[in-house]
Amino acid sequence: MSETLLLQAQRVSKRYGATIALQEASFGLRKGEVHALLGANGSGKSTLAKVVAGVVAPDGGEIWLGGQAVRFRNPLEARAAGIAVVYQELSLVEDLSVQDNLWLGHEPPARFGRVDARAARARTEALLGLFEDVAGPRFAPETLAGELPPDERQLVEILKAVSLEPRVLVLDEATASLDGRQVERLFGLVGEWKARGWGIVIVTHRMEEIFRVADRATVLRNGQVVGEVRIGETSREELIGLISGEASRALHSAEARASAPARRTSPLLSLRVRRGRKLRGLELEVYPGEILGLGGLHGQGQSELLLSLFGALPGQDLSLRLEGQPRAFRHPSEAMRAGLAYVPGDRNREGLLAARSILENFLLPSWKSYHRGPLLDLGQARRAALEVGEKLKLKFGALDDRVTSLSGGNAQKVVLGKWLLRSPRVLLLDDPTKGIDVGAKAEFYQLLAELRAQGLGVVFYSSDDDELLSLCDRVLVLLEGRITAELSHAELTRDRLIRASLGVKEVVSGEP
Amino acid sequence: MTLLRRLLAQPYALALILLILGLVVTALFQPAFFTPRTFANNLRTYLPLILLAVGQTVVVLGGGIDLSLGAILTLSSVVMVQAFGMEADPGPLRTFGGVALGLLVGTLAGAVNGFCVAYLRLQPIIATFATSFIWGGLALWVLPQPGGNVPTVLQDFVRAYFLMPFSLWAVLAILLAWAWFLGTRWARALYAVGGNPQAAFTSGLSVERTRLGAYAAAGLLTGLGAFFLTADIATGDPLIGGPLTLASVVAVVIGGTRLSGGAGGIVGSILGAVAYYLLKNVVALSVFNFNLSPQWQTLIDGTVIVLALAAPGLLRLVRRQP
Amino acid sequence: MTRPPNPLPTLLRTPPMIAVGLAVLLLLLGELVRPGFADYGQVTNILRIAAFLGIVAIGQTLVILSGGEGIDLSVGAVVTLGAIIIYRFTGGSDALLLPALLIALGVGFLIGLVNGVGIAWVKIPPLVMTLGMMGVVKGLILVYTGGRPQGATPPVMKSIISDPWVLGIPGDVFIWVILGVGVTLLLQRTAYGKALYAIGSNRTTARLSGVRVERMLILTYALSGMFSALGGFVLLGYLQNVFINLGDPYTLPTIAAVVVGGTALAGGMGGYAGTMAGALVLTLVSSLLITLGLPEFGRQITYGLILLVLLAVYGRERRLRG
Chain A
1 MSETLLLQAQ
11 RVSKRYGATI
21 ALQEASFGLR
31 KGEVHALLGA
41 NGSGKSTLAK
51 VVAGVVAPDG
61 GEIWLGGQAV
71 RFRNPLEARA
81 AGIAVVYQEL
91 SLVEDLSVQD
101 NLWLGHEPPA
111 RFGRVDARAA
121 RARTEALLGL
131 FEDVAGPRFA
141 PETLAGELPP
151 DERQLVEILK
161 AVSLEPRVLV
171 LDEATASLDG
181 RQVERLFGLV
191 GEWKARGWGI
201 VIVTHRMEEI
211 FRVADRATVL
221 RNGQVVGEVR
231 IGETSREELI
241 GLISGEASRA
251 LHSAEARASA
261 PARRTSPLLS
271 LRVRRGRKLR
281 GLELEVYPGE
291 ILGLGGLHGQ
301 GQSELLLSLF
311 GALPGQDLSL
321 RLEGQPRAFR
331 HPSEAMRAGL
341 AYVPGDRNRE
351 GLLAARSILE
361 NFLLPSWKSY
371 HRGPLLDLGQ
381 ARRAALEVGE
391 KLKLKFGALD
401 DRVTSLSGGN
411 AQKVVLGKWL
421 LRSPRVLLLD
431 DPTKGIDVGA
441 KAEFYQLLAE
451 LRAQGLGVVF
461 YSSDDDELLS
471 LCDRVLVLLE
481 GRITAELSHA
491 ELTRDRLIRA
501 SLGVKEVVSG
511 EP
Chain B
1 MTLLRRLLAQ
11 PYALALILLI
21 LGLVVTALFQ
31 PAFFTPRTFA
41 NNLRTYLPLI
51 LLAVGQTVVV
61 LGGGIDLSLG
71 AILTLSSVVM
81 VQAFGMEADP
91 GPLRTFGGVA
101 LGLLVGTLAG
111 AVNGFCVAYL
121 RLQPIIATFA
131 TSFIWGGLAL
141 WVLPQPGGNV
151 PTVLQDFVRA
161 YFLMPFSLWA
171 VLAILLAWAW
181 FLGTRWARAL
191 YAVGGNPQAA
201 FTSGLSVERT
211 RLGAYAAAGL
221 LTGLGAFFLT
231 ADIATGDPLI
241 GGPLTLASVV
251 AVVIGGTRLS
261 GGAGGIVGSI
271 LGAVAYYLLK
281 NVVALSVFNF
291 NLSPQWQTLI
301 DGTVIVLALA
311 APGLLRLVRR
321 QP
Chain C
1 MTRPPNPLPT
11 LLRTPPMIAV
21 GLAVLLLLLG
31 ELVRPGFADY
41 GQVTNILRIA
51 AFLGIVAIGQ
61 TLVILSGGEG
71 IDLSVGAVVT
81 LGAIIIYRFT
91 GGSDALLLPA
101 LLIALGVGFL
111 IGLVNGVGIA
121 WVKIPPLVMT
131 LGMMGVVKGL
141 ILVYTGGRPQ
151 GATPPVMKSI
161 ISDPWVLGIP
171 GDVFIWVILG
181 VGVTLLLQRT
191 AYGKALYAIG
201 SNRTTARLSG
211 VRVERMLILT
221 YALSGMFSAL
231 GGFVLLGYLQ
241 NVFINLGDPY
251 TLPTIAAVVV
261 GGTALAGGMG
271 GYAGTMAGAL
281 VLTLVSSLLI
291 TLGLPEFGRQ
301 ITYGLILLVL
311 LAVYGRERRL
321 RG
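Chains A, B and C, in that order, give the protein sequences. Here the first sequence stands for residues 1 to 512, where the numbers follow the numbering used here. Here the second sequence stands for residues 1 to 322, where the numbers follow the numbering used here. Here the third sequence stands for residues 1 to 322, where the numbers follow the numbering used here.
With the rest of the complex left out, here is chain A (with noise of 0.2 Å):
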């Protein structure tokens, strides 16, 4: 049996901080396979990717290719031992042309540390021919790869991990940028190289790729391996089951939202965007008292989505009314006056100021309104902080501690305090509780349900899927720029949010 298996994954765990990405996850890849992981956000399947790829460094689980234990420093480790990744951010060299970042580090050589441009020639143009007819006049050698288009620059990304002819090739969301006939002619390729004996892993959102493609899947949970199906042997139903577990835990939620506030009287914020940066063509509403949730993948436009209401994102085609009064934000100190907060994604790249104090981080805001003449009011800066500090329960040593100190959460509620300063009427939140512990998101809920109610209106992505269900009264959910789905109300389940992030068409959107 274990003969047969070309790369093999036995037990293996990962843990960020306190969060669990996989627990003793276990998945087997043949020869000649076409390997699907499947998952929700937060699954783990990406981890498990990154992990069989050296990408990531497991804790705990060995990692077998070819019948030896395995263990890769770094990714290079794991290319010279043939597993090629194809990775979801493009890491391309923009002013190489395509033809060398195909061969960088691996160039064929001549004499005199001279690459064999006639050889390097004639195998790109063979790559390349793989997808010319799928691709635009420019998808040529000496084209910068800067220039191509996104869809051209993820296949040079393919194209660069198939010139290490690899045994094993993953492909990780690698068709999140290609249109139809693109992802048609990969999958035939990927057909060829099945033949070749490659074994191939593939992770994707998009259900009808896996019935096109793939094999077997292995179905991922809260970084545990649910379950392991023939495809030929399954049906879109049942993975979806395996994918999102129990048929429905939308009972706890119902009753939350049930002590929800009446809405639809007048919107507190409406936005509608025409052309945007990943955003093509949407319209939201939101009501003072509610909290809105946005779903769907990672990466779908979310973020984007709460940048251009805070006016971070200024040249985009869109317009935006705040209590019906037309507003247009072009820095946030505009639309941070205009009494709206974000509370980023990235809290130690967007959100602290990691050489700074607590004190700083909490007051970054709203320093100028603590200024009695020429100096600022420290005193009362300090007494404001502790209340806030108070309100959040936040543990901390002393407010002039370096911010770093503090714990993931604790971190997290700094970054949400210092906009709680300035006592706003929107509030926008970008994956809040992400890689914060239990009790701290218990905390941070019971503080969102009480700004509810005194009238805010939230927006509020998240990427557990959990979270929008339990603490929304409304979720759109958002696939590749656009909304295909407001969920609310009974149709609020983990089953239809699931289905509609994966564009699985059978859910009518809720559009009253």
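Mixed in with the good hints, there may be bad ones.
[Said to hold, decoys possible] Footprint (simulated), chain C over chain B, 3 or more residues, beta carbon under 8 Å:
id: 1; region: 3-16
id: 2; region: 114-124
id: 3; region: 308-316
[As the list claims (entries may be wrong)] Mimicking BS3-like on lysine-lysine, the simulated pairs with C-alpha atoms at most 30 Å apart in a straight line are:
id: 4; chain 1: A; residue 1: 393; chain 2: A; residue 2: 441
id: 5; chain 1: C; residue 1: 158; chain 2: A; residue 2: 278
id: 6; chain 1: A; residue 1: 31; chain 2: A; residue 2: 194
id: 7; chain 1: A; residue 1: 395; chain 2: A; residue 2: 441
id: 8; chain 1: C; residue 1: 158; chain 2: B; residue 2: 280
id: 9; chain 1: A; residue 1: 368; chain 2: C; residue 2: 123
What the hints contain is simulated information worked out from the structure, not anything from laboratory work. Glycine is no exception: its CB is placed at the ideal position from the N, C-alpha and C atoms.
Fit chains B and C to the supplied structure of chain A, relying on the hints for placement.
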């Protein structure tokens, strides 16, 4: 027409325009500039900066910057002068040994810069700024006062004329070497490391070694520049290189090489270096022709330099407006 | 993440206190090497020299705190220009001193403003922009003075700056202390200061928290120019005379003083108290080197090495990861 359009689409279009502008104005007001002898003499004085600019380009392409090139040039130059001794013909050992020693010192100084940046991971701008004082200080130690002598062989060598001035041969040699280099995997590594270090890293390239190599190469090219400068002026000066650092950055910027790395090339920098001198010449001419006091020259020079540095950024701002 | 216990209390381990400790150590070392080095008169003299450096370094501190490889290399030239404007405009008249000072400060502010615009909007790297600006300001000085500054120092400046106020301590030391308190308040107790630390620490966070990063940068470089001009005022009061490159020797030491004082070159951390201590340390190092008979080149190399070592300790960049 299409050729013109293709030229204007090149990253070094700005350098080309400035160069042509400089040539035209010079031709109008100072026709004597183009007599073979004057022209050859001028080209010879441009050569050190051209080499520095090429070295700077290599470093900048790799994502760094070297603000000590002027100081390295000085150090390399005074080392050569001290090695030559005072005789007009010190014999081949001292003559060629001196040149080799100077080149070695330049390369080593560049490598030290590269080590600080690549392996110690210091910010290139500040680190090379700091080392510039070390190289400059060492130069003052080697030769405290201007003086010294250069063997006549070498002086004649850089003044040689074979079909065209020696300086043009030198530039041609640089261009050929560059053409060879562009065909190597090191060139790809250099551009990749400057353009997207993370991608270079995941593609299996050594970012550190590539950066170190770029700095060392710049040091060597600077050493060559020092040789041409020293043989040209036939003496040593412990403060000679200072202004050339900024000039090399200016040449790189107007030559269309992006300061953040990964895009550009030496052709633009060479054009940029020549344009830099021609512009200075034009400024000098205008100051003279408009009867301005000579003090204006420094001011106009400085302003032109700042405008040239700002040009790519200004173009970007203008393009974004409509 | 438990740290080993450290016998020193936290306050004493902050970079400014380390710098002060270093200063005391240097003083004692000087006294050991050359008895008389730590005399009262000597110490006041060192304080007065440190005061010039410290005042000129105010702007440098602000600019470095603003992050993004922030640095101002035009400070030396602006010091000179400020001194020359006062020298020439007053022509020795006490009555004209105040307007002259205001003009000098205004000109400094404007020069810094241009730096800021080039850096914040045109995205020229600060070091390159301010280095270019240094050339422009030198040109301005030449044009303004015709190469030989005419004028005189108002007598009242001598009594303000040069003459002892109490205990034989000259006025500039008191001015320095007053400015020190003022700048520290500006940094610690105003919305400007808080926003400055914020943009130095993380510009994305600052922007997403409503800070106008570009405006802050422009204002900061403008303030740097203004404080440099103020440095020119103080220097003029001490020297009673001006020359064309009066401020040049101060540019590099201001950066070194800021770094020695523990302000991170990456920005966002540090303060003016550290710079004051750093100015003291550098002045002591410099007097000690002079006392020891170390020539110019030795001092240059020492500065370079100090900068490099401090960079390696404080200012490393992050390692690439797969």
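Practice problem: Give me the numbers of the hints this structure contradicts, sorted from smallest to largest. | Solution: 1, 5 and 8
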